[in-house]
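As you go down the protein sequences, you meet chains A and B in turn. Note that numbering that gives the first Met the number 0 gives residue 134 to position 135 of the first sequence, counting from 1, and the numbers run on in steps of one. Note that numbering that gives the first Met the number 0 gives residue 236 to position 237 of the second sequence, counting from 1, and the numbers run on in steps of one.
It is possible that some hints are incorrect.
[Stated by the list, open to error] The calculated label-pair distances, taken between Cβ atoms and stated as ranges, are: (1) Asp-619(B) - Ser-115(A): 24 to 32 Å; (2) Arg-235(B) - Ser-115(A): 22 to 30 Å; (3) Glu-414(B) - Asn-117(A): 50 to 58 Å; (4) Leu-731(B) - Ser-115(A): 41 to 49 Å; (5) Pro-645(B) - Lys-119(A): 41 to 49 Å; (6) Lys-70(A) - Asn-257(B): 27 to 35 Å; (7) Asn-117(A) - Ile-418(B): 55 to 63 Å.
[To be verified] Result set (BS3-like, lysine-lysine): computed pairs, CA atoms no more than 25 Å apart in a straight line: (8) Lys-455(B) - Lys-70(A); (9) Lys-227(B) - Lys-11(A); (10) Lys-587(B) - Lys-620(B); (11) Lys-93(A) - Lys-227(B); (12) Lys-233(B) - Lys-80(A); (13) Lys-70(A) - Lys-116(A); (14) Lys-227(B) - Lys-241(B); (15) Lys-481(B) - Lys-366(B); (16) Lys-12(A) - Lys-233(B); (17) Lys-295(B) - Lys-2(A); (18) Lys-227(B) - Lys-83(A); (19) Lys-233(B) - Lys-83(A); (20) Lys-11(A) - Lys-241(B); (21) Lys-2(A) - Lys-626(B); (22) Lys-11(A) - Lys-233(B); (23) Lys-233(B) - Lys-93(A); (24) Lys-80(A) - Lys-227(B); (25) Lys-455(B) - Lys-266(B); (26) Lys-12(A) - Lys-626(B).
Think of the hints as simulated: they come from the structure by calculation, not from any bench. Here the structure is a predicted model, which means the values were calculated and not measured. Note that the Cβ used here is the ideal one computed from N, Cα and C, for glycine as well.
One-letter residues, chain by chain:
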Amino acid sequence: MAKVTSLNVNGKKMTVDVDSTVSLLAVLRNDLDLTGSKYGCGEGQCGACTVLLDGAATRSCITQVGRAAGKQITTIEGLEKDGKLHPLQDAFIKADAMQCAYCTSGMIMSASALLSKNPKPNREEIISGMNGNICRCGTYQRIVEAIQIASGTT
Amino acid sequence: MNEQLDLTIGIESERYELFENPGYYFNFDRRDFIKAFGLGIVFIVPAARALAQQRGQGESGRGGSNERLPNDLGAWIHIDEDGGVTVFTGKVEVGQNTRTSLTQAVADELHVPIDSVHLVMGDTDLTPFDMGTFGSRSTPTMAPQLRKAAAAAREMLIAMAAEQLKVAPGDLRIVDARFLNHDKSKTLTLAEVAKGRKLVKVIPDDIAITQPKDWTIAGASARKVEAKNFVTGKHRYTSDIKREGMLYGKVVRPATFNATLVSVDTKAAEAMPGAKVVTDGNFIGVVAADQQTVTKAANAIAVDWKSPGQPSNAELFDLLRKTGTERRGGEGPRPQGSIVDVVNPPIGGGGSRPQGSIADGLVAADKKLEQTYTVQYIAHAPLEPRAAVAEWSGDQLTVWTGSQRPFGVRSELAEAFHISEDKVRVIVPDTGSGYGGKHTGECAVEAARLAKAAGKPVKLVWTREEEFTWAYFRPAGVIDIKSGVKNDGTLTAWEFHNYNSGAAGIQIKYDIPNTDIRVHQSNSPLRQGSYRGLAATANHFARESHIDELAHAVNIDPLEFRLKNIKDERLRDVLQAAAKSFGWGKAKPASGHGFGIACGFEKGGYIATCAEIAVEPPSDKEDKSNKRVRIVRVVEAFECGAVVNPLHLKNQIEGAITMAIGGALFESIQFENGKILNPHFASYRVPRFADSPAIEVVLVDRKDIPSAGAGETPIVGLAPAVANAIFNATGLRLRSLPLIPKGLTTG
């Protein structure tokens with residue numbers, strides 16, 4: 000079985016030793032101890048595991064790690080720069096856009112991919128861009144608001 | 000009130016409002032607080048006093064329960080040498096933001112900034128015993144208890160500071176963690192008072208707590224404490240915990256419910272390098288150093304299960320009605336605290352003595368109505384599935400797990416492994432939600448069993464399919480209502496039978512001279528248990544739909560009809576507040592839109608919900624004959640006494656409304672012959688962004704009324720308001736939840 004021995008995660012080259020068929024989520028969480036990306040369903044249905052692959056929102060639970068090798072992987076741990084929160088992270092706190100917050104990493108990563116494609120989305124574009132992410136606590140209205148704050152569209 | 004309750008009782012999901020005593024207490028002598036906490040000052044609250052405070056009354060007089068050891072502890076607060084305040088509570092944080100609201104209560108009472116207060120929660124070695132975090136009890140009971148401890152601590156700290164400053168205690172006050180005398184000529188910080196101390200102080204009993212009108216930190220909005228840890232992914236939920244040498248576990252489940260093991264062949268799995276198979280009775284599990292191996296090994300185990308024939312959705316409601324046996328409050332045998340009883344409690348109690356005569360009431364009526372309402376089983380589907388990390392050290396067991404009952408899980412573990420409870424430590428990290436679904440400890444027991452066999456720490460995280468199948472469900476139910484009304488809108492008779500779904504929210508605030516309200520306990524084909532608001536959703540759905548039908552039967556506006564029959568001022572206030580903000584009575588924005596209203600009360604909260612829906616053509620993917628119902632707008636007014644944190648209360652209410660949309664419109668567990676047919680988010684639809692309406696929350700703040708909890712009751716108004724709005728838009732009366740699992744068939 001093919002092996003993956005190195006990954007680019009959050010701007011750093013990381014050494015791993017895993018089968019290429021293992022899920023990217025398992026490698027991030029178990030091998031690299033980057034546990035901000037969550038397991039929610041393992042089927043790409045809830046978005047809790049969302050990371051960026053070369054900037055595109057990707058469900059890491061259904062992505063084999065072999066497909067991520069050679070790409071820039073960004074996880075929630077990579078958003079904070081020099082001790083300064085990413086504008087989306089700030090906005091989620093400001094809008095109180097979480098309850099249990101288990102979905103929050105995936106929400107922020109999906110939102111960051113959305114904003115990099117469409118820096119000023121309208122409400123409908125936010126809803127359709129985020130509809131693959133589930134928040135069981137039901138904070139959708141606040142998450143929309145947080146994305147509007149971060150994109151300066153409030 | 001609770002005199003007849005047994006100390007060893009497990010959770011009865013319908014009796015949250017009855018306060019149960021802990022089954023045992025920590026012994027003060029066993030704990031060397033100074034050693035545990037280091038320097039500083041520890042304030043302790045004796046348990047008996049704390050409980051009396053919780054109840055607002057003295058002891059119940061039940062045999063034996065008066066005899067408290069003087070050193071039983073109900074709460075404790077530690078002030079460290081840096082002036083940091085650590086509070087210990089057995090409550091847990093599952094997203095309801097009780098960590099924030101309890102922090103506010105302590106900061107408010109101690110007069111220190113919020114960020115100087117840290118809560119240690121849900122750790123059975125560090126925190127006082129607590130029955131569990133459920134029933135919306137944290138705000139009405141734990142907050143006053145911690146306030147009392149903090150208030151007493153404040154007064155004792157002032158006395159100590161006065162001694163240090165050589166002033167009279169009456170000359171000192173504490174502002175923002177600083178002690179000041181009248182002209183601020185003498186000051187000390189909290190840290191300066193705690194410095195070098197090594198004290199344990201028992202707080203006096205006669206301390207008054209600050210009333211809501213005088214709150215400064217509570218009563219105002221505060222954002223989630225430690226929010227930064229969540230937006231950066233740093234917070235470690237149970238499923239994120241890693242221990243030295245930890246293995247990953249997996250349990251091999253039966254093919255159906257109630258299956259018995261016939262034979263198992265583990266040879267192929269055992270041959271896999273690194274995999275270890277564990278069998279014990281009906282339990283089959285595997286551990287391995289990585290997730291991939293453990294999954295492969297589990298799949299390689301060949302098991303033959305024998306399964307009895309079991310009911311399906313098609314026969315559910317007949318079954319519930321057929322097996323229903325009446326049970327009034329306080330009657331019948333009580334469940335014991337086993338796992339099965341905890342999740343499958345007899346859901347009875349809460350009905351009430353009949354008033355007047357239904358027959359007379361129906362004779363007096365101009366219009367009579369008899370209808371049946373049903374609700375399906377639904378799943379909690381917390382986004383973090385059940386998870387546990389178990390670690391043995393000799394015969395000492397430590398388990399991290401996401402549970403609403405850390406001490407209950409400790410009991411389950413002690414029982415499962417035949418060890419005493421003081422050998423078991425359960426730690427509950429802030430958890431990825433529960434909604435009443437994480438009261439039991441099966442995942443913890445499984446992880447501990449695997450860890451024991453492996454001789455290493457084991458992490459077990461249930462898959463989504465396991466969570467949808469092997470957890471427990473909100474009870475399904477059948478509700479029959481018979482009623483009478485006069486043409487002027489006066490209600491004359493109300494006969495209400497709830498089969499299986501339970502008693503929460505069954506009592507009425509409508510003034511009706513003749514009532515008969517009963518709860519019937521049925522044989523549930525699926526494992527059932529607590530859920531946010533529990534039966535209050537079913538009972539409100541049936542009652543508020545029926546009230547709407549009666550209003551239409553006598554041609555009276557549904558709001559006016561309710562106000563005519565409700566005297567309770569608190570309920571009238573929320574009804575009028577919601578109607579006003581919603582614009583009840585105004586013209587609908589377009590054809591195909593409908594307005595609906597519903598109201599109710601439960602667990603100290605009063606609620607009124609107005610909904611606007613729109614009937615729209617189906618999307619391309621949907622059945623052409625079935626239209627879509629979109630919830631356009633929801634206005635909900637809520638009153639739960641004095642508001643502790645407006646921001647988080649609004650957040651809770653918005654969340655409850657959003658969660659309620661699933662159960663109202665489309666969530667339904669499909670089952671057949673012992674199998675769950677839709678154990679995935681792809682087949683069990685939960686509300687998403689696109690389902691989310693514009694939500695407006697109206698808070699009615701009653702500073703003259705003690706705060707009630709708010710995590711549950713805001714969920715109950717949405718389903719009936721939406722059903723009534725669908726009727727308003729289409730003339731179709733839908734009496735089953737979910738209302739439109741496959742869209743709206745308009746004929």
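> Honestly, which of those hints from before does the structure not fit?
Replying inline: Checked against the structure, the hints that fail are numbers 5, 6, 8, 10, 21 and 26, while the rest are satisfied.
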